[in-house]
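Undergrad: Starting from the given sequences, assemble the full structure and let the hints guide the process.
Protein chains: 4
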Amino acid sequence: MSDSPVKLTAENGPDQPPATPELEDLYRGFEKELLVPLWTRIGDLMPQQPVSKAQPHRWEWKHLVELAARSGDLVPVGRGGERRAIALANPSLGGRPYATPTLWAAIQYLMPGEDAPEHRHTQNAFRFVVEGSGVWTVVEGDPVPMRRGDFLPQAGMNWHAHHNSAEQPMAWIDGLDIPFQYDVESQFFDFGREHLSEEEHATPERSRSEQLWGHPGLVPVSQFKASAGSPLLCYRWADTDAALADQLELERAGHPGTVEPGHAVVRYTNPTTAGDVLPTIRVQFHRIAAGVETAPRRETGSSVYQVFDGSGRVTVGEFSWSVQRGDLFVVPSWMPFSVVSEASGSDSDSGALDLFQFSDAPIFSKLNLFREEVGR
Amino acid sequence: MSDSPVKLTAENGPDQPPATPELEDLYRGFEKELLVPLWTRIGDLMPQQPVSKAQPHRWEWKHLVELAARSGDLVPVGRGGERRAIALANPSLGGRPYATPTLWAAIQYLMPGEDAPEHRHTQNAFRFVVEGSGVWTVVEGDPVPMRRGDFLPQAGMNWHAHHNSAEQPMAWIDGLDIPFQYDVESQFFDFGREHLSEEEHATPERSRSEQLWGHPGLVPVSQFKASAGSPLLCYRWADTDAALADQLELERAGHPGTVEPGHAVVRYTNPTTAGDVLPTIRVQFHRIAAGVETAPRRETGSSVYQVFDGSGRVTVGEFSWSVQRGDLFVVPSWMPFSVVSEASGSDSDSGALDLFQFSDAPIFSKLNLFREEVGR
Amino acid sequence: MSDSPVKLTAENGPDQPPATPELEDLYRGFEKELLVPLWTRIGDLMPQQPVSKAQPHRWEWKHLVELAARSGDLVPVGRGGERRAIALANPSLGGRPYATPTLWAAIQYLMPGEDAPEHRHTQNAFRFVVEGSGVWTVVEGDPVPMRRGDFLPQAGMNWHAHHNSAEQPMAWIDGLDIPFQYDVESQFFDFGREHLSEEEHATPERSRSEQLWGHPGLVPVSQFKASAGSPLLCYRWADTDAALADQLELERAGHPGTVEPGHAVVRYTNPTTAGDVLPTIRVQFHRIAAGVETAPRRETGSSVYQVFDGSGRVTVGEFSWSVQRGDLFVVPSWMPFSVVSEASGSDSDSGALDLFQFSDAPIFSKLNLFREEVGR
Amino acid sequence: MSDSPVKLTAENGPDQPPATPELEDLYRGFEKELLVPLWTRIGDLMPQQPVSKAQPHRWEWKHLVELAARSGDLVPVGRGGERRAIALANPSLGGRPYATPTLWAAIQYLMPGEDAPEHRHTQNAFRFVVEGSGVWTVVEGDPVPMRRGDFLPQAGMNWHAHHNSAEQPMAWIDGLDIPFQYDVESQFFDFGREHLSEEEHATPERSRSEQLWGHPGLVPVSQFKASAGSPLLCYRWADTDAALADQLELERAGHPGTVEPGHAVVRYTNPTTAGDVLPTIRVQFHRIAAGVETAPRRETGSSVYQVFDGSGRVTVGEFSWSVQRGDLFVVPSWMPFSVVSEASGSDSDSGALDLFQFSDAPIFSKLNLFREEVGR
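Respectively, the protein sequence lines represent chains A, B, C and D.
Residue 320 in the UniProt record's numbering sits at position 320 of the first sequence, and the numbers go up by one each step.
Residue 324 in the UniProt record's numbering sits at position 324 of the second sequence, and the numbers go up by one each step.
Residue 77 in the UniProt record's numbering sits at position 77 of the third sequence, and the numbers go up by one each step.
Residue 87 in the UniProt record's numbering sits at position 87 of the fourth sequence, and the numbers go up by one each step.
Just so you know, the hints here were simulated from the structure itself, not pulled from any lab data.
Hints may be right or wrong, so weigh each one.
[To be verified] Just the calculated beta-carbon pair ranges, DEER-fashion: (1) Ser320/C - His195/D: 19 to 27 Å; (2) Pro47/B - Gly13/C: 34 to 42 Å; (3) Pro256/C - Gly13/B: 55 to 63 Å; (4) Gly113/A - Asn12/D: 23 to 31 Å; (5) Pro14/A - Ala238/C: 18 to 26 Å; (6) Ala253/A - Asp44/B: 52 to 60 Å; (7) Ser320/C - Pro76/B: 44 to 52 Å.
In this text, a Cβ means the ideal position worked out from N, Cα and C, and glycines have one as well.
TA: Next comes the structure, spelled out in structure tokens:
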């Protein structure tokens with residue numbers, strides 16, 4: 001038998017040529033020359049619509065936090081391992097740390113006083129905080145405090161480190177395009193300093209990036225030029241919350257604003273381009289008013305969601321789960337997704353379900369591959 | 001003598017052909033056929049650098065307000081005249097209501113209870129408020145309150161009207177690209193309703209456009225598409241003030257932010273494109289710390305400035321004036337401009353000089369004609 | 001009486017305030033302070049649709065050539081006057097050398113052996129050749145031969161000169177955005193060498209720019225970057241002719257291609273951007289099959305046309321003329337334009353009417369001011 | 001033992017936490033919850049520079065053609081299998097029909113009189129012809145003849161079929177982004193008609209797309225709008241050949257043109273955008289003059305090359321092969337590539353080595369991931 005990596009078997013079947021000895025002989029020739037005929041693979045390679053290798057799945061926050069806390073005791077943070085980050089592994093992606101075929105999602109955990117060492121990489125990244133505070137991400141020397149509801153984009157090749165200045169551990173989620181960059185082979189990674197300077201251990205209320213870029217519709221003339229990733233290093237919860245509340249208020253007053261009844265959505269954008277906040281990752285925040293059910297929607301590309309507040313029931317393709325604060329779930333490419341918000345014991349008066357979402361949509365948009373469909 | 005509009009005279013002079021009878025005869029031929037030779041006009045038409053037809057000039061706010069108030073008594077507002085707007089007429093532009101060759105600037109004045117009727121036009125416009133409050137601009141049915149420091153862009157072909165719901169008259173400035181559109185002949189104008197509806201007489205704290213677009217870096221997914229003019233209809237003073245203060249604070253802490261020492265500048269941008277807030281007009285706000293003198297700067301295209309707060313001394317080419325709150329002045333194309341901020345009796349603690357600026361820079365940028373020079 | 005440039009007269013009239021002594025007094029105040037109220041000027045400044053200052057007009061080529069030839073005898077070419085160029089002066093633009101409010105069009109004439117000295121300027125320019133050959137335009141040291149039907153764009157700030165290496169004089173037309181740049185005051189002009197080098201007097205069949213950029217859909221990787229003006233310095237007639245013939249052939253075969261029956265149009269584009277060939281000037285070529293009448297069309301902005309071949313009857317607004325080879329005519333902003341091609345004694349077998357057109361459309365497109373209307 | 005797809009083993013090692021029973025227990029928890037810690041995988045997932053999963057490899061054309069010809073006898077072409085296409089399988093990509101991690105390259109073979117049925121798909125594709133003629137690709141009803149040296153782009157979701165009207169079989173290569181779209185899961189595929197109409201069996205010399213779009217720098221105004229893929233369906237060899245010859249001629253005359261001495265490169269572009277000819281695939285053609293050795297170059301992303309003419313020696317990373325007409329080889333991400341052209345018995349007088357190249361560079365460029373390095 002051939003030791004070629006190519007293995008072909010002549011089989012009678014629909015759309016296959018007759019399995020004759022001549023065909024077998026031809027297939028041996030293909031194997032020898034490292035060739036594979038389209039007619040043996042077309043159904044898998046060129047399906048009539050996306051059939052995801054990934055599976056819908058939900059991870060419960062309580063388990064993530066519990067395991068992260070145990071890691072806090074057992075696993076030091078330092079040069080080499082770089083981060084105490086624990087990634088979601090989609091059950092149908094072979095045990096690899098991929099939430100979806102393109103996206104990485106992890107819980108990161110930092111103990112009081114710890115520093116995660118400085119590095120930079122081509123992978124685009126962000127942090128999102130579902131609970132707690134006390135950690136500062138230091139980007140190119142600019143310390144950015146992280147608190148519940150804050151979203152911190154981290155475009156590729158910016159130096160960054162983390163520092164926990166609080167008395168308690170802190171957990172948050174990291175999102176990156178690691179699987180995508182692994183597939184296309186674009187990755188560069190540089191190690192920086194192992195420890196931050198005194199100045200970078202400072203704990204200001206706001207980052208310098210927010211002083212420059214955090215004012216609506218206003219740009220600093222001295223720093224203004226189009227950059228692929230957002231120069232605004234933190235989008236604060238108070239702004240996101242207000243934007244979502246405003247959309248629902250507009251709807252109540254009879255004006256356009258929501259994407260469908262009871263469903264407000266904002267997108268985080270780069271103030272230098274008005275495009276997506278990161279070159280490969282789209283980030284959006286949803287608020288679904290209490291008792292509202294969204295229309296099923298599917299799109300090319302995959303998403304990871306985290307419940308920020310409230311509770312509800314999520315349906316993705318054939319799967320359905322109850323979700324509550326902190327839970328994460330994935331929506332693979334072209335699978336219909338809908339959610340119903342449930343009245344809950346959350347500390348939100350409104351009972352709305354707040355969902356943080358990130359996806360690989362910019363890849364599809366920029367390459368003319370984005371497609372979406374709403375409704376049943 | 002020829003009744004042709006073309007008038008040519010053969011004259012001996014540098015770069016001119018010998019003034020012979022044959023040349024005279026040729027020139028009569030040119031006149032008859034409506035022709036003009038380049039060699040008689042090149043110095044004027046194609047100068048070595050811009051030589052503006054406009055002149056630097058300052059208008060004092062106190063005179064503008066006093067005349068506007070008298071107009072309030074004598075000139076009704078209504079269909080036909082459309083607005084009680086009184087425009088700056090550059091002293092060297094032939095008495096036409098042009099602040100500069102491309103820009104219109106006017107004080108507009110509305111008495112208590114008055115409506116300025118609805119219309120729309122291709123001319124891009126904005127309002128800026130140096131003092132007072134009480135007027136609402138209603139844009140496509142969305143009432144936008146106007147208060148000191150607010151900037152309201154008004155992209156071409158949006159229906160708009162004004163309504164004064166206060167007990168006092170109110171004055172503000174309007175900026176438009178009327179001279180530019182007059183020159184290139186792009187103007188359309190439609191009359192709308194003479195009176196606003198009850199609902200549009202409402203006096204909300206914020207416009208609906210601010211609810212949708214007024215959150216930093218966040219866009220409403222349901223409404224998001226690139227538009228030539230900003231969908232955000234008001235940029236509030238509190239945001240502008242904070243952005244300027246932040247730049248000066250960054251400078252004090254040793255970080256980049258200002259354009260030169262003591263000189264903060266923000267630009268108003270369109271959140272759907274990150275470009276200029278209006279297709280033909282760039283709008284910026286400057287804060288010059290007390291006692292600071294800016295470097296002379298010149299650029300292609302012209303600007304109009306209004307002093308928002310503080311006082312100082314402005315130099316434009318050969319002209320120089322003291323300015324204080326409300327005063328307006330123009331900077332013609334390629335004339336060096338600098339300003340020194342003076343400690344003043346203003347109600348600003350800081351003593352900074354705050355300058356609102358609008359210019360025709362987008363025309364130059366988009367057509368590859370922008371050039372600037374800093375320093376002596 | 002006031003010596004202010006502003007002159008205001010209170011008059012009773014529609015949309016005017018009552019002409020009282022108080023109003024007269026107010027108007028004296030306006031004059032003193034250099035102010036003009038909108039209500040006295042709105043109809044002129046903000047018309048309901050463009051009302052052009054220019055007038056449709058036709059210039060006959062035979063007169064242009066005859067006068068240019070006489071200039072060849074009387075007017076030397078050299079530093080200062082720079083070019084033996086004779087510009088069309090629209091009859092309603094005050095005798096200024098403006099074909100339209102934004103565009104300059106001139107016949108240029110060079111005697112055997114003459115050099116027109118090198119210069120560069122921000123004004124965007126082109127040459128188009130309706131007859132003859134023998135002149136080379138030398139752009140940044142690259143000699144470009146000019147022959148009947150060739151179009152040579154000349155983006156702003158490229159050094160250029162002309163050289164006639166033939167035994168006969170040669171005439172062609174120059175198009176520039178001189179009036180536009182005069183109005184907005186963006187002009188820079190630099191003098192170069194008075195005489196070309198020996199090498200630049202070379203007379204190659206093709207320019208170097210054509211070697212790099214003249215291959216359809218192919219760009220030279222070593223030189224490829226987006227530039228505001230086209231790096232291709234000559235668009236040859238053979239290509240234009242073939243492109244027009246192909247559109248009419250597609251139409252005959254029942255396929256899309258023409259803009260309307262019997263009317264083919266190509267646009268010259270910049271191969272580094274696919275946009276207009278010059279930042280401010282759109283250039284197109286029309287072929288109207290024999291006996292075809294085009295639908296009236298109007299658009300914002302103005303055009304200049306030259307008849308390249310055939311003859312016909314042109315209608316612009318209220319004006320109508322017979323035209324033949326070389327004749328030029330202007331179409332002011334928003335005036336309806338149509339043409340009927342007539343069977344003619346031209347050397348074209350087809351009897352089609354070939355029209356070269358240039359316009360200021362990029363200014364309108366980039367500033368969101370372009371509007372067009374087809375049909376009656 | 002866990003039946004989770006996640007398998008983790010605590011091991012002592014650099015950058016790994018101490019392998020204690022507690023750590024083992026933690027890892028069991030990760031497996032149960034479908035989690036993978038970064039510290040166990042970072043070196044593989046986030047390398048310091050791209051380490052390609054693919055391997056440099058060369059396929060000899062003579063073997064490809066021989067096997068394709070045998071397939072012509074044994075494998076019918078029809079609905080289901082769709083194409084008699086035989087793909088290159090990179091030796092280190094597990095036997096999958098992937099030339100590189102993102103690109104598919106195949107030899108396609110059509111017997112006299114055969115039709116390959118109509119379909120369309122999101123995968124971007126092209127054909128390139130190294131020898132022969134007689135096949136027409138029919139795109140949206142437009143028959144496009146294919147001859148030696150022609151390049152036919154086929155942007156996603158255009159209906160297309162092939163027809164061989166010659167007396168002989170014909171072979172050519174197909175390039176697609178199948179692996180990329182498989183990874184990101186963007187694929188849609190629609191079946192069209194099984195047989196072409198009589199009209200589509202027509203064998204015109206040129207396609208209608210060439211009549212519209214095949215003229216340098218000229219676009220058809222009736223059809224002009226930006227499209228993601230090129231509307232020009234064939235780039236003919238005569239143009240490519242001339243463009244390459246011109247670059248080498250410019251070099252000989254002392255002018256810029258080549259990318260390095262003796263090395264001419266053209267890129268195929270979309271005439272509606274001036275961007276890459278396909279949204280995800282960059283296509284270039286190289287001519288390396290006889291005896292020239294190119295500098296080693298590496299870039300993010302992968303390429304497939306086919307020798308069009310001449311012969312030479314290719315070096316990719318640690319691999320090196322002699323190549324001649326028709327041979328294909330792959331250059332994985334970030335591997336240095338160089339080539340030396342050898343005097344050969346080719347029918348090219350010049351002895352130059354002509355290389356056709358396609359790569360995934362647009363993916364990297366648009367997502368801000370492109371990086372390249374030249375030299376040793």
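Undergrad: Is it true that Ser320/C and Pro76/B lie within 44 to 52 Å of each other by Cβ?
TA: 46 Å, holds
Undergrad: Using the C-beta atoms of Pro256/C and Gly13/B, is the stated range 55 to 63 Å upheld?
TA: Cβ of Pro256/C to Cβ of Gly13/B: about 58 Å, so the range 55 to 63 Å holds.
Undergrad: Kindly confirm whether 23 to 31 Å is satisfied by the beta carbon distance between Gly113/A and Asn12/D.
TA: 26 Å, holds
Undergrad: I want to verify a distance hint. Is the separation of the beta carbons of Ala253/A and Asp44/B within 52 to 60 Å?
TA: Hint holds: Cβ distance 58 Å, inside 52 to 60 Å.
Undergrad: Honestly, do Ser320/C and His195/D meet the 19 to 27 Å range at C-beta?
TA: Hint violated: Cβ distance 55 Å, outside 19 to 27 Å.
Undergrad: Quick check on a hinted range of 34 to 42 Å for Pro47/B and Gly13/C, using CB atoms only.
TA: At 41 Å between Cβs, range holds.
Undergrad: Can the suggested window of 18 to 26 Å be confirmed for the beta-carbon pair Pro14/A and Ala238/C?
TA: 54 Å, violated
The structure shown violates the earlier hints numbered 1 and 5.
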